[in-house]
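Asker: Residues per chain are reported as follows:
Protein chains: 2
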Amino acid sequence: MTNKNHNWASQRDEKNLRMANATSIINNKFVRTENAKELLETLIQPNDRVVLEGDNQKQASFLSETLASVDCARIHDLHMIMSSVSRPEHLDIFENGIATKLDFSFAGPQSNRISKMISSGILKIGDIHTYLELYARLFVDLTPNVVLVAADKADKQGNLYTGYNTEETPVIIESAAFKNGIVIVQVSEIVDKLPRVDIPSDWVDIIIQSDKPYQLEPLFTRDPQNITELQILMGMMAIRGIYEKHHVQSVNHGIGFNTAAIELLLPTYGNQLGLKGKIVPYWEVNPTPTLIPAIENGWIKSIHSFGGEVGMEQYISARPDVFFVGKDGTMRSNRAYGQMAGQYALDMFVGSTLQIDKYGNSSTVTNGRLSGFGGAPNMGSNPTGRRHSSTAWQSLKPTDNPLAKGQKLVVQIVETYNSAKKPVFVEHLDAEKVQKEANLENVPIMIYSEDTTHIVTEEGIAYLYKTNSMTERQEAIEAIAGVTPLGLRSNAKKLNQLRNKGIVALPEDLKVNRLAAKRSLLAAKNMEDLVKWSKGLYNPPAKFRSWS
Amino acid sequence: MTNKNHNWASQRDEKNLRMANATSIINNKFVRTENAKELLETLIQPNDRVVLEGDNQKQASFLSETLASVDCARIHDLHMIMSSVSRPEHLDIFENGIATKLDFSFAGPQSNRISKMISSGILKIGDIHTYLELYARLFVDLTPNVVLVAADKADKQGNLYTGYNTEETPVIIESAAFKNGIVIVQVSEIVDKLPRVDIPSDWVDIIIQSDKPYQLEPLFTRDPQNITELQILMGMMAIRGIYEKHHVQSVNHGIGFNTAAIELLLPTYGNQLGLKGKIVPYWEVNPTPTLIPAIENGWIKSIHSFGGEVGMEQYISARPDVFFVGKDGTMRSNRAYGQMAGQYALDMFVGSTLQIDKYGNSSTVTNGRLSGFGGAPNMGSNPTGRRHSSTAWQSLKPTDNPLAKGQKLVVQIVETYNSAKKPVFVEHLDAEKVQKEANLENVPIMIYSEDTTHIVTEEGIAYLYKTNSMTERQEAIEAIAGVTPLGLRSNAKKLNQLRNKGIVALPEDLKVNRLAAKRSLLAAKNMEDLVKWSKGLYNPPAKFRSWS
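Protein sequence lines correspond, in order, to chains A and B. Okay, so the first sequence: first residue is 1 according to this note's numbering, each after it adds one. Okay, so the second sequence: first residue is 549 according to this note's numbering, each after it adds one.
So that you can see chain A by itself, here it is in the shape it has in the complex (with noise of 0.2 Å):
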C-alpha cells in the first residue's frame, strides 16, 4: 500500500498555491486587462500542459497575443494543445522558448511556418489530430494544467456568456474544472445580466475583459459569384447520382465551391427533380450563407452547427425552427457535440481535398504546408461502432454477406485539375514526403481510401463502394481523372466495362443535362441574392460587400 501521508489533493494544491500568489491582482475571480501578463506568468509554470482556445473561426486572441509575450525566463517549455494554429502568435509562443511541444488538429493558415519550425527543431510535435480525438484526449492523457478561453460576455457572479459562438468552449472548460486545472477566460464585455448562462461561474476561475473582442473568422463564407459552371455541372450529377440515387437524408457539406454550389442548387434543380422533402432535411454544418436560398424555399427541417458564421447572426435568429438557438434568441452551436453528430449520426459527407492517389487515398496536406486535420478525417470516416441504420447507410450494405451492415457515404467532390492548375489525381500524395519531412508516424492522410465511397469529378461519378478489389477501385479513378496522368491509363473499353457494372457513372448515365450546367441554375448568383433570400436578415462581412 501507499504511504499513509500520501497527499491525494496534490494538483488541487498546486492550483490553490498559484491563485494565492496571484491574489493581490484578482478581485472575485476578475483580473484587470493590464495585469494579464502578470496574471499568466504567475499563474503558468514551465512544462505545463496549456489548452489555448482557437478552432478555425474562433481565437481567444487576447490572450495569445498575452502569452506570447511573457518572459520565458519564468515560463517555457509549455505543452501547448490547441485546435487550430492560426494565428501568427501562436507559434511566437514556441519562436519566443515559451512553449516547446505542440498537440493540434489544424493549421490552416499557419501551414507553412509551422512546417519550417518542425524541420529547424524549434517545435516539437505531439501529434496531429482531427478535433474530436483531440477534445477526446483532454480527458485522458492531455488534462491541462491552464485553460486560456474566450466568451463574448460575464456577468458579475463570473457565469458565462458564448453567444454564436461557443464551439468548443465548454469541453475545454469541462476538461480543466474538475481536473484542478485553471480556467481563465478572456471575456469582451462584462455586464449586470447575460442574455443567458452557457458556462457557470462554478467552473471559472478568473475572467478578464480583452482589450479588443476576439478574432472570429467567417470562414464559412462562398461568394456565389465564384461558383463555375464545371462546379455546378458536379454537383448537378451529386444531386442526382448520389443524394437521389441514396436517399440521403442527413449531411455534412465541407467548405467549399463545390458544395456551395450543391446548396445552390437544391431551390433551382432539386426543385425540377421533385427532390423537395425527399433528400436532406438534416444537416450538421456550419451556418454557411449559401444554404440560406435552400432553407428559405423549405429544404431543410434542422441544422445543427459547430460554430457560429459573421453575419448570419440576425438571420439564424429569426429562423428558431431551423437552427439551434436559445430562449434568449441567440444561436447554440458546439463543436464537441457537431463534431459527434457529424460522425455519428449523419448519413453522409461531402468534401473536397488537394491530392488523391491512385487508392483513392486523400489529403489536403502538400510539400511544405502542414495544413493538419480539422473535423474532415471525423465526420469523412465510417464509424464502425454504428450500429442504428437508414436507407442511404443501408444502400451501401454489401449483397454477399449476410452479416454486413450499411455504410455512411464519403464523398470527394473535386476538379481534375486544381485552380493552381496541377492534377488532383497523383501517382503518390505530397503527404508521402510530409510524413518523412516532420518525421511523422504515418503518412498524414486526410480520408482514407477504405473509407471513401463516392469520388466525383467533371467527368462523372465514381462509385468505389461496389468495386471488389484495388485493381478495380483504381480503375474507376482513373476513369474519371480526365487527363491527369493517372486519367491517361483508362480508356474507353474499360469505361465502358465500368459503366455497365454501375461503379461509374458520366453526366448522361445519371440523365444530367450537360448544357444545363449553367450559373443562371444557381438560386443566388452573387452575396448580393443572398441577402436578397434572407430578406435583408443576412449581413455579410465587408470583404464580401461588392454592392453599396
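Read the hints as simulated data drawn from the structure, not as lab findings. Small disclaimer: the values here were computed from a predicted structure and weren't measured. Among the hints, a few may not be true.
Pairs of lysine-lysine, DSS-like flavour, derived with a Cα cap of 25 Å [as the list claims (entries may be wrong)]:
| no. | chain 1 | residue 1 | chain 2 | residue 2 |
| --- | --- | --- | --- | --- |
| 1 | B | 664 | B | 945 |
| 2 | A | 101 | B | 1080 |
| 3 | A | 433 | B | 953 |
| 4 | B | 984 | A | 397 |
| 5 | B | 981 | A | 405 |
| 6 | B | 741 | A | 153 |
| 7 | B | 741 | B | 701 |
| 8 | B | 849 | A | 101 |
| 9 | B | 981 | A | 397 |
| 10 | B | 849 | B | 577 |
| 11 | B | 953 | A | 101 |
| 12 | A | 29 | B | 875 |
| 13 | A | 156 | B | 701 |
| 14 | B | 672 | A | 397 |
| 15 | B | 704 | A | 193 |
| 16 | A | 124 | B | 1066 |
| 17 | A | 116 | A | 29 |
| 18 | B | 672 | A | 405 |
| 19 | B | 577 | A | 193 |
| 20 | B | 701 | A | 327 |
| 21 | B | 672 | A | 156 |
| 22 | B | 875 | A | 156 |
| 23 | A | 124 | B | 1041 |
| 24 | B | 793 | B | 1080 |
| 25 | B | 741 | A | 29 |
| 26 | A | 436 | B | 704 |
| 27 | A | 301 | B | 649 |
| 28 | B | 577 | A | 327 |
Following the hints, position chain B against chain A.
Answerer: For chain B alone, coordinates are given in the frame of chain A:
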C-alpha cells in the same frame, strides 16, 4: 421563395402555448410533486418525440412512473428515445397505449419483455444504438419535443446540481433547450445554495421535486469473492500478452469479473513483473471499486468516468488527483464525453461477451433477449477517423503497407463455456435468429470480427490482428476455443503452427505460471478488503456487505 407569412418560430410558439396552458400549476419554473401527472398531460402532446433519461445506472424514475400513469386518451403515439430500458414502467408506457415507437441503446433488465412486445406488435423499434450515436441523433434527426431528466438538487433560481451522476443529463438537456424542446427535471431536493451548478437555470423549463430520489444502480461493483482462478489465469495472460506486450497506456474495461480480476492483479502480479508506471496509467471507466487497490498502490494517474458508482462517493472526493472532481469536492461524470474519449482517446477496450462466432463476431443478444448495445460497440470499435498515434496503436500497424496506420486494441476475454455451461464459441450467433424475429435491419452484432484484435480464453490468446486471411482467423479462434464444438476442430499441429507464427500464445508461451493463478494473488479477496484498501472511504451498498 416561401410565403411571406411563413412562421419560422412555429416550434417556439408551440412550446410557449403548451407552457401557457400549464401556468396554473407552474410557479416560476417549479411544479408541486402532486401535479406531476397534470403537468405531463398538459406539456406533452400525441406523436411527440420524448427523451426519458435513464442510462444503465441512473433513472429519471419519478418522471417515468408519472408518464406511465397519464391518460392515454390525451397522450398517445409518443416516440420514446431512451438510452436504457431498465424499469418495468418503461415498457408499461407502451403497454398502456401512451407510446408506440422506441429508439434505445440498452435494455438489460427488460431484454426478455422487450423481445416479446416487439413480436406482439405493441412496440415498434426505431433502432438500437450505441449511447454515443443516440446522443448524436438528438442534434440531427431525433431532436426532442420534451425531455424528462433527473438531477440531485435545484436551487430557487432553477440551477441544477447533478452530483456524481451527471452522466447524460447535460447532453439531453442541450438538445432540447436550444431547439424549442421543453426541459422537465425531477430533483431530489430543492435548496438555497447548490454545491455547484452543473446545468444553468436558463436551460431548464420545469423543476419538480420527486417523491423519492431517482433510482441509481451500483452497476459496476463486482465482489472479488466471486472471481475464479480461471479468471485470474486469463487476467495474468492478458497482462503479459497484451497490456505489457503492446505498452498499453489508456484503457476502458467493460463490466465483469474478468476485467475485475485484471484490476486486482495489477498491484500484485503487475508489481512482480515490474510494470507499475509502465502500463495503463489512464482510464476511461466508471469508478469501479475493484480499481481501489491499483489506485492506492500508485498505478493510476487519471480516471474519467461516464457516471458515478454507489458507495464510491467519499473515496472519489478524497482522490481528486485521480478522479474528475469539482471545486466543491464532488465528482463530475459525463457519459457523452466519456464515450467520446472511450472511442477516440484510448489504446484499448477490454470486454466480455456471451457468444463469439467462428469468424470472431460477438454479441450479448441471445435468444429471446434483445439486450441492445450500450457503449461497447462504440468503445470496442476501431475509429477510422483517428489520426494521432500511440505506441500500442502503432504496434498493430500492418507492416506490408507504407500508407497503413495503427489500430485500437479490442480485446474479448471469455471462458470457453459461460456460467450457464453453454459454449461461448458457436457456429452462428443467436443474434442472427433475433434479427429475423425482431425484424431488425442488420444482425445485432455487438463487436464485429474486423474490429476484434485479441481474444483471451483460459486456453490462451488469439492475436487476430496478425492473421492474414479469414481461414487463418478462424483457425486462431478454434485454437483457443477449448472443448467447444468450434474448439474441437483444432488440433496440435495447427496449434503449433499458429504458436510459431505468434498468432496464438499459450500461458507457457507468455511465461505465465498456471500454478500461480490462485485467489491469493488478488489484491483484494472480498468487499471488506476493498473497504480496507480505501481506508474506510468506500461504503459498499448493503447487498454487497457480508460482514458486520
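Asker: Quick one, are residue 849 (chain B) and residue 101 (chain A) close enough, alpha carbons at most 25 Å?
Answerer: 21 Å, holds
Asker: Does the alpha-carbon distance linking residue 29 (chain A) and residue 875 (chain B) stay inside the 25 Å limit?
Answerer: Distance of about 14 Å is within 25 Å: holds.
Asker: For the pair we were handed, residue 984 (chain B) and residue 397 (chain A), check the Cα-Cα distance against 25 Å.
Answerer: 17 Å, holds
Asker: For the pair supplied as a hint, residue 849 (chain B) and residue 577 (chain B), confirm whether the alpha-carbon distance does not exceed 25 Å.
Answerer: Violated, at about 42 Å.
Asker: Quick one, are residue 672 (chain B) and residue 156 (chain A) close enough, alpha carbons at most 25 Å?
Answerer: Violated - the C-alpha atoms of residue 156 (chain A) and residue 672 (chain B) are around 50 Å apart, more than 25 Å.
Asker: Taken at face value, is the distance from the CA of residue 327 (chain A) to the CA of residue 577 (chain B) at most 25 Å?
Answerer: 14 Å, holds
Asker: Please work out if residue 701 (chain B) and residue 327 (chain A) have their alpha carbons no farther apart than 25 Å.
Answerer: 23 Å, holds
Asker: Does the alpha-carbon distance linking residue 664 (chain B) and residue 945 (chain B) stay inside the 25 Å limit?
Answerer: 44 Å, violated
Asker: With the threshold set at 25 Å, check whether the alpha-carbon distance from residue 704 (chain B) to residue 193 (chain A) stays at or below it.
Answerer: Satisfied, since the Cα-Cα distance of roughly 18 Å is no more than 25 Å.
Asker: Going straight from one Cα to the other, do residue 875 (chain B) and residue 156 (chain A) come out at no more than 25 Å?
Answerer: Holds, because 19 Å separates the two Cα atoms, which is no more than 25 Å.
Asker: Straight-line Cα separation of residue 124 (chain A) and residue 1041 (chain B) no greater than 25 Å?
Answerer: The hint is violated at about 50 Å.
Asker: Take a quick look at whether residue 433 (chain A) and residue 953 (chain B) sit within 25 Å of each other, Cα to Cα.
Answerer: Holds, at roughly 16 Å.
The structure shown violates the earlier hints numbered 1, 2, 10, 16, 17, 21, 23, 24 and 26.
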